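Based on the sequences and whatever the hints tell you, model everything.
Those protein sequences? They're chains A and B, same order as listed. To convert, note that position 97 of the first sequence is 97 in the UniProt record's numbering; the numbers rise steadily by one, no gaps. To convert, note that position 52 of the second sequence is 52 in the UniProt record's numbering; the numbers rise steadily by one, no gaps.
Read the hints as simulated data drawn from the structure, not as lab findings. Any given hint could be a false lead.
Label pairs and their calculated CB-CB ranges [stated by the list, open to error]:
1. B:Gly24 with A:Asp311: 38 to 48 Å
2. A:Thr273 with B:Glu22: 19 to 29 Å
3. A:Glu448 with B:Val152: 49 to 59 Å
4. B:Val152 with A:Glu282: 53 to 63 Å
5. A:Met242 with B:Ser65: 47 to 57 Å
What you are looking at is a predicted structure, and each value in this text was computed from that prediction instead of being measured. Ideal placement from N, C-alpha and C gives every residue a C-beta, glycine not left out.
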Amino acid sequence: MNASMTALGKLVRTTAFKLSFAYLFIFTIFAFVGLGYVAWNAQRLLTNQFISTIESEINSLSDQYRFGGLRRLVNIVERRSRAPGAMLYLVTTEAGERVAGNVGALPPGVIGRTGQFETLYNRTDETEARPDMAIVRVYLLPGGFRLLVGRDIEERRRLQEVIYRAFGYSLLFIVVLGCVGGWFITRRVLKRVDDMTEITRHIMAGDLGGRLKIAGTGDELDRLAQNLNDMLDRMGELMRGMQEVSDNIAHDLKTPLTRLRNKADEALRTASTPDELKSALEATIEESDNLIRIFNALLMIARLEAGNARDGLADFDAAEAVRDVAELYDALAEEAGVSLEVSVEDDLPIHGSRELLGQAMANLLDNALKYGASTGAPQGISVSAHRNGGEVRIVVADRGPGIPEAERGRVLERFVRLETARSRPGFGLGLSLAAAVARLHGGTLLLEDNEPGLRVILALPLKAVELPQAPLQSAA
Amino acid sequence: MRILIIEDDKEAASYLVKAFREAGHVADHAADGLDGYALAEEGDYDVLVVDRMLPKLDGLSLIRSLREQRVETPVLILSALGQVDDRVKGLRAGGDDYLPKPYAFSELLARVEVLSRRRASTPNTEPTLYRIADLELDRLSHRVTRSGQEIVLQPREFRLLEYLMKNANQVVTRTMLLEHVWDYHFDPQTNVIDVHVSRLRAKIDKGFDKPLIHTIRGAGYMVRVGQEGDEE
Chain A
1 MNASMTALGK LVRTTAFKLS FAYLFIFTIF AFVGLGYVAW NAQRLLTNQF
51 ISTIESEINS LSDQYRFGGL RRLVNIVERR SRAPGAMLYL VTTEAGERVA
101 GNVGALPPGV IGRTGQFETL YNRTDETEAR PDMAIVRVYL LPGGFRLLVG
151 RDIEERRRLQ EVIYRAFGYS LLFIVVLGCV GGWFITRRVL KRVDDMTEIT
201 RHIMAGDLGG RLKIAGTGDE LDRLAQNLND MLDRMGELMR GMQEVSDNIA
251 HDLKTPLTRL RNKADEALRT ASTPDELKSA LEATIEESDN LIRIFNALLM
301 IARLEAGNAR DGLADFDAAE AVRDVAELYD ALAEEAGVSL EVSVEDDLPI
351 HGSRELLGQA MANLLDNALK YGASTGAPQG ISVSAHRNGG EVRIVVADRG
401 PGIPEAERGR VLERFVRLET ARSRPGFGLG LSLAAAVARL HGGTLLLEDN
451 EPGLRVILAL PLKAVELPQA PLQSAA
Chain B
1 MRILIIEDDK EAASYLVKAF REAGHVADHA ADGLDGYALA EEGDYDVLVV
51 DRMLPKLDGL SLIRSLREQR VETPVLILSA LGQVDDRVKG LRAGGDDYLP
101 KPYAFSELLA RVEVLSRRRA STPNTEPTLY RIADLELDRL SHRVTRSGQE
151 IVLQPREFRL LEYLMKNANQ VVTRTMLLEH VWDYHFDPQT NVIDVHVSRL
201 RAKIDKGFDK PLIHTIRGAG YMVRVGQEGD EE
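Here it is as structure tokens:
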């Protein structure tokens, strides 16, 4: 009992039930209004037709009476009464005694009334006693005789019956069709919603590979499913990113941590003078500062990729920012004996973070100085920023060994360092951070051959361009 | 200098109190926001060092309340939240400086000392002329002279020297220079600042017998009259 109650409650609460019920209700009302209108009109039309026939009969018969007297009227009535049809005639005396006509019995008093009304009657040629309905008009003839002309309205009653039956059938059809329609909606449409609910429940339970089915119809549900799938893809990418970060932390940070620990351990075992201890401690602090630096860079990349940094974005002039960083590194380049050529177009408004762009630029210039100045070839680093369509292209180019094409995608990954770079200081986070900054700004980081050397291009959209939906697209 | 440390982590707090005392300052400690507020309001401190995440009353609300009560003691916010927008929030709440954790104590000390000195000089507006020994920097005419001899500086070098001279006899760290002279808050990871300072030094100190720009090992730089290399 209780179970069936809840089952019913569940059914009532489903969208399928509510929709079916609403459709049923609306269609029933429409059907009734439509049928009712037709029925009412048909009845009215018939009745009007009957009345006008009766009217003209009365007119013609009363004319006959006026010109030919009672005998002529009786003759005509007798003749017409014999003709098959639904017309009724009766001529009576003033007292109501039958003179001629095909109407046998009438309810008492009927013949005394004048005008048009509906009444029961029996035909003279009928044997059974069941009276029929007729619409009649009683006309008072000069001389006290009464003329009744009428028409059987059984026809109309039958029509009414047909209409009632139609009402009944249509109600039945509507209910059946409504139920079938509801079932159809449930099966075909809402089933998909139910499927989505089911799949999302699985996904929530941990099956992140699950995707909603696309029926290919391009309807609202398909679009919803597509969007949800895209969202899941994006989440998956973020999860993979996080996974990667933790893998990298596990892998690449263990080495410096072990080194740190070993140094402290060694100092404890071997250092005998305060000076030795002091220098060991200093080395330890230096090592831990490096670790902090790596952590900061990793956290920043993770934060950028999760899109959390988007709140702090504002409009600023990229030209000025690029010049600032170039100026900051100019001294360093000079120190290293490398020329730094700066060519920046004026007024490059972008929406983003000056601070992060500065950090990215610093990383690129750092790399250019570190690797670009390493070969004996004609040295020089160039920094430029120019408009290119709807974007700003900030280019840092060096004349160093460059990066082989096959490796260009890989170096953007966290902690990836090429063999040639192993001997130099760094953590392999500079380019990944620059790429993350580019993505945060809705742009990309491109690596190209500078023939010889490396050209790093930060392509960022100019101001008032909306950030794309998926800033995690591959930037290589 | 009297410093109030408002920090809920006991170990971090005792480390700070000890380190400040060793540096020759008076340091008090409050373990939660309400205690800190009460102490800061009544005690006459030169600088407050405030953690952002505190029990009972969080750091930013504490600073806001103090500022509403017209307590203008300089505040240095010490926080694990170190992103640019966190800093902006901290400074908007009324903080004067912001140092993300983890930090080096030398950095914290340098910043605290600069803050306290700024407080001492706030009543009268900033001077238009900085002078140390025979070095003069005129902020209005943008002229720098040493022993009456004009020294031509690039605009950025001028700002660098201006900041150093404004905080003369105080340690100024590399990050402080990057923040105040270049307005960047990131870690440059290279010795960019050193290169800029050494260029400036070449212009200011070269050819004069008394060096004025000193490197403080493990901390940063200082402009003062004294011997190269001796430490605080």
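Structure-based check of each hint:
Taken as a hint, the range 38 to 48 Å holds for the pair Gly24 (chain B) and Asp311 (chain A), whose Cβ atoms sit roughly 42 Å apart. Distance hint check for Thr273 (chain A) and Glu22 (chain B): the Cβ-Cβ separation is about 22 Å, which falls inside the suggested range of 19 to 29 Å. Our hint of 49 to 59 Å for Glu448 (chain A) and Val152 (chain B) is violated, since their Cβ atoms are close to 40 Å apart. Checked against the given bound of 53 to 63 Å, the beta carbons of Val152 (chain B) and Glu282 (chain A), roughly 39 Å apart, lie outside it.
For the pair Met242 (chain A) and Ser65 (chain B), the beta carbons lie near 38 Å from each other, so the given range of 47 to 57 Å is not met.
Consistency with the previously given hints fails for numbers 3, 4 and 5, ordered from lowest to highest.
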